[in-house]
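Asker: Sequence:
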Amino acid sequence: MISGQKVVGAKAPLPTAMMFAVAAFVSLTGIVVPTASEAQIRSNAQAEQSLNLAVRPSRPGHPPSGRYQSEGGEAFIFDGTGALPLFRFETRTETWVLRPTPAPRGDVIYRNDAGTQVLRFAHGGGMTLYTVRSPNGSPASLSGGAEPLTLPTLGPIRLFSLMNQRGSLVSQALGRLIVINLTGEESEALMVDALVVTTDAVIRMARSPTFRTQLAELRSITLVEGSRASVSFQRGDLRVVVNPSQSLAGRPSSSSIIRAVADAE
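Here the sequence shown is numbered in the working numbering, starting from 4 and rising by one per residue.
Note that these hints are calculated values from the structure, not bench results.
Since the model is a prediction, treat every value here as computed from it, not as a measurement.
Note that beta-carbon positions come from the ideal geometry of N, C-alpha and C, so glycine has one too.
Treat the hints loosely; a few may be bogus.
[Unchecked claim] Quick list of simulated restraints, FRET-style, between CB atoms:
(1) Val227 to Pro63: 34 to 42 angstroms
(2) Thr104 to Thr84: 28 to 36 angstroms
(3) Glu150 to His126: 27 to 35 angstroms
(4) Leu180 to Gly128: 50 to 58 angstroms
Build out the structure end to end from the sequences listed, making use of the hints.
Answerer: This is how it looks when you write it as structure tokens:
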């Protein structure tokens, strides 16, 4: 159970004592924003592990569940065993919920909640990955098995530490205090996932010259449970609503969060 927890991020630059505290929180939670080298090491380890995992069958009409490698060099996990297929880049923490739609010639297009095309599965069995680096698509092939994509579990003590860590990271990225408010009763795991996805999205925007100016009014991030997943950015508060009854499908993606900030007046 989560009830009205609030964390105030640290000013940037952080004093030595606070930097130590943040490092301790990172060590405790084990959830960090990976560097390029760390991400590559993790990707190599997962690639080796995938060779020892069985490829799992998906629900009818979906590609096999497992690890895929694109010709552009990006690896990803596809999990089609649930009601809605799940997707995650191997070097990232965010899991995407994909919505399949029929395409010509019997193909299936998979989009995220922002409507962005992520995958195309050909009737003949071919897979194509669409990214910013490969907007026209990059062929991908199954390279091995993969563990199912599931929600993280931390417990209340590690959750509070994670909130401190994420608040400090966001405050460092923006150079000012950012308050994180988190309230929920039904799904701690979904709240943890939403917290990581939301703060990662804000940090990415802060590092982008295009989006940083649109965060000038941001003063707080609020995560709550509700009957419908949504994102809004008003009066300095980035508010993310999750629907625990829908599991991962009830959590807005980073694309939806970035779009909400970009479209805010």
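Asker: If a hint holds in the structure, say so; if it doesn't, say that too.
Answerer: Verification of the supplied hints:
no.	hint	result
1	Val227 to Pro63: 34 to 42 angstroms	36 angstroms, holds
2	Thr104 to Thr84: 28 to 36 angstroms	20 angstroms, violated
3	Glu150 to His126: 27 to 35 angstroms	28 angstroms, holds
4	Leu180 to Gly128: 50 to 58 angstroms	52 angstroms, holds
Hint compliance for this structure: hint 2 alone is broken.
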